[in-house]
Amino acid sequence: MSFPWAKHYKPSHPLMVWLDEKLPLPRFVHGAIGGGYPVPRNLNYFWNFGVLAGFCLVLQIATGVILAMHYAANSGVAFDSVEHIMRDVNWGWMLRYGHANGASAFFVVVYIHIFRGFFYSSYKAPREMIWLLGVTIFLLMMATAFMGYVLPWGQMSFWGAKVITGLFSAIPIVGEPLQQWLLGGFAPDNAALNRFFSLHFLLPFVIAGVIILHIWALHIPGSSNPTGIDVKQESDTVPFHPYYTAKDGFGLGVFLLIYAAFVFFMPNALGHPDNYIAANPMSTPAHIVPEWYFWPFYAILRAFTADFLFIPAKLMGVLAMFSAILCWFFLPWLDTSPVRSGHYRPLFRKFFYILVLDVLVLGFCGGSPAETKYVLISQIASAYYFLHFLVILPVVSSIEKPEPLPFSITESVLGTDAAATA
Amino acid sequence: MADLLKADGAMTGPTEAKDDGVRRRDFINIAAVSFAGIGGIAALVPLISQMSASADVLAESSTEVDVSAIAAGQAIKTMFRKQPVFVRNLTPAEIAAADKVDPASLRDPQTLEQRTKKGKGNWLITMGVCTHLGCVPLGAGQGEVKGEFGGYFCPCHGSVYDTAARIRKGPAPKNLEVPPYEFTSDTVVKIG
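Read top to bottom, the protein sequences are chains A and B.
Position 284 of the first sequence, counted from 1, bears residue number 284 in this note's numbering, the numbering being contiguous throughout.
Position 39 of the second sequence, counted from 1, bears residue number 39 in this note's numbering, the numbering being contiguous throughout.
What the hints contain is simulated information worked out from the structure, not anything from laboratory work.
Heads up, the beta-carbon is just placed ideally off N, CA and C, and yes, glycines get one too.
Among these hints, one or two may not hold up.
Pairs of lysine-lysine, BS3-like flavour, derived with a Cα cap of 30 Å [to be verified]:
no., chain 1, residue 1, chain 2, residue 2
1, B, K117, A, K373
2, B, K146, A, K373
3, A, K373, B, K190
4, A, K373, A, K7
5, B, K169, B, K100
DEER-style ranges, computed between Cβ atoms [stated by the list, open to error]:
no., chain 1, residue 1, chain 2, residue 2, range
6, B, D56, A, V174, 47 to 57 Å
7, B, M79, A, A261, 41 to 51 Å
8, B, K100, A, I112, 49 to 59 Å
9, A, E21, B, I48, 38 to 48 Å
10, A, I112, B, R107, 36 to 46 Å
11, A, E371, B, Q114, 27 to 37 Å
Please work from the sequences and hints to get the whole structure.
This is the structure in structure tokens:
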């Protein structure tokens with residue numbers, strides 16, 4: 001975003017002047033994440049999570065490309081090659097634990113990033129496109145994470161692949177041919193493992209591409225801020241560098257402390273012991289669950305146990321699970337309140353916290369066995385989930401009386417703003 | 001269009017429109033782009049088709065099973081197309097339990113008779129693949145839970161099958177699939 005007061009890029013060294021004429025890359029960086037990008041001065045720590053997500057992607061690509069040098073994508077040896085990485089490859093254990101926990105870290109960061117968007121209505125005009133691209137990135141992340149989890153070819157890998165590709169068999173008529181096309185066979189086997197490896201390697205770079213679009217779209221209106229009001233004047237902003245490079249650097253340090261605690265002291269805390277048993281097509285583990293970050297959606301999938309009109313229960317579950325994310329695409333138009341920030345929306349705020357609780361309950365149920373009581377709780381929580389987005393948000397937007405907004409970002413920070421009385 | 005093709009360059013240049021508003025260049029443009037488009041779509045065929053099961057996977061595998069050692073009330077798991085198959089020797093009580101149910105009341109209405117071969121009504125041979133999302137149901141192995149209808153129970157999402165392996169409860173839409181099979185002798189079954 002170039003507000004009129006954005007600092008211009010002025011190279012002084014002759015080499016930089018020469019480079020600026022041939023390929024203005026330093027100018028681009030200066031304007032994107034340097035001193036030339038004015039950012040609201042009041043961002044809180046929830047605004048760190050975009051940069052943290054970017055860091056996670058770099059971390060996953062770096063560790064992943066190295067792991068691919070030692071891993072063998074063949075159903076006969078895949079499981080053993082992962083154990084080879086763990087036992088024989090120099091530092092292989094650290095790279096694998098770093099990659100496995102990196103995936104969890106990526107999802108923690110992205111979930112906070114998304115819920116930051118929910119609370120502060122970051123999806124509202126003029127930032128709809130940033131939001132739509134963000135939801136797209138999340139869908140790509142889910143596909144990538146799922147295929148990555150299949151690669152160790154343990155019991156959870158195999159049965160995860162079977163269950164998730166089984167979702168497609170719910171589609172009428174084309175479902176079963178589609179599932180066989182996805183797997184390259186009747187059940188997950190070598191063909192499926194190989195293509196999942198190929199796509200697991202490709203998709204992170206697709207994600208990187210969409211992230212560039214995401215940031216490009218962000219720089220047109222500029223970053224939002226916790227008050228949700230627009231930037232009016234120079235005193236509302238500070239340059240990204242050094243103010244937010246420093247703040248993001250600090251946040252990154254805190255993130256790395258927690259991440260390292262997992263990698264070095266509890267590397268398997270978020271994994272499932274069954275995945276250390278080699279894949280066996282003849283026996284399903286007693287309790288198959290996806291990784292924790294899919295639990296809320298898995299709970300929605302399992303919540304549908306009865307046929308609805310002419311739609312079988314299985315198809316309903318699959319449709320509901322995908323709708324749970326697809327409905328985010330419509331958020332900019334479902335929430336019609338002119339006020340963005342949840343800080344000034346007393347009613348919306350309450351429902352936001354109920355939604356957080358609801359998703360946590362769904363996550364808990366998704367990780368629990370398919371017993372009647374958990375299924376019943378999932379059904380109630382799933383119903384509320386859709387109620388929130390499709391009914392509560394539009395209704396609250398129209399009946400709520402928002403609290404008064406500050407005159408400017410400057411006033412919200414300093415308590416007064418000379419421009420307000422001028 | 002025909003007279004446009006005959007159009008002589010001296011009278012109407014390639015960028016000038018004729019009376020009907022169509023230029024020679026429009027035709028070339030549409031024809032060229034259409035041809036490239038058709039070529040592009042044709043190139044997709046192998047790219048999509050390579051994903052389907054390859055010849056070695058499709059090669060008809062058939063499994064022969066000796067069922068002589070399976071006593072009434074017992075079942076074994078075998079493999080067909082890399083997926084488990086349940087071969088079960090039903091007891092008279094299990095057959096009676098299956099026959100007692102009114103097929104019209106079922107989600108996927110079928111009688112036990114329709115799911116077995118004539119004269120071999122005690123041999124229930126089904127895929128061991130839950131029709132919900134493809135887990136292997138319990139109930140075929142020694143000491144496994146058979147569920148409240150005495151057939152099979154899928155631990156993944158709680159589908160319950162009866163003694164004819166018909167879906168009775170839970171999210172699965174269909175009965176356990178009966179694969180193609182035939183008895184080649186009194187004690188040998190050829191599946192596939």
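For this session: Return holds or violated for the Cβ distance of K100 (chain B) and I112 (chain A) against the range 49 to 59 Å.
Result: Check passed, 56 Å falls within 49 to 59 Å.
Exercise. Hey, K146 (chain B) versus K373 (chain A), does the alpha-carbon distance stay inside 30 Å?
Worked result: This hinted pair holds, its Cα atoms lying about 21 Å apart.
Exercise. Is the distance from the Cβ of E371 (chain A) to the Cβ of Q114 (chain B) consistent with 27 to 37 Å?
Worked result: Between E371 (chain A) and Q114 (chain B), where Cβ atoms are some 33 Å apart, the hint holds.
Problem set entry | Hinted pair K373 (chain A) and K190 (chain B), Cα distance within 30 Å | Since the Cα atoms of K373 (chain A) and K190 (chain B) sit roughly 43 Å apart, the hinted pair is violated (cutoff 30 Å).
Problem set entry | Satisfaction of hint between K100 (chain B) and K169 (chain B), Cα-Cα up to 30 Å | holds, 17 Å
Problem set entry | Proposed proximity, K7 (chain A) with K373 (chain A) (alpha carbon, max 30 Å) | violated, 60 Å
Exercise. Regarding the pair K117 (chain B) and K373 (chain A), is the alpha-carbon distance no greater than 30 Å?
Worked result: violated, 40 Å
Exercise. Quick one: are E21 (chain A) and I48 (chain B) within 38 to 48 Å, going by C-beta?
Worked result: Distance hint for E21 (chain A), I48 (chain B) holds at roughly 46 Å.
Exercise. Does the Cβ distance between I112 (chain A) and R107 (chain B) fall inside 36 to 46 Å?
Worked result: holds, 42 Å
For this session: Please test the hint of 41 to 51 Å on the beta carbon pair from M79 (chain B) and A261 (chain A).
Result: holds, 44 Å
Exercise. Measuring from beta carbon to beta carbon, are D56 (chain B) and V174 (chain A) in 47 to 57 Å?
Worked result: violated, 24 Å
Taken one by one, the earlier hints fail for this structure at numbers 1, 3, 4 and 6, listed in ascending order.
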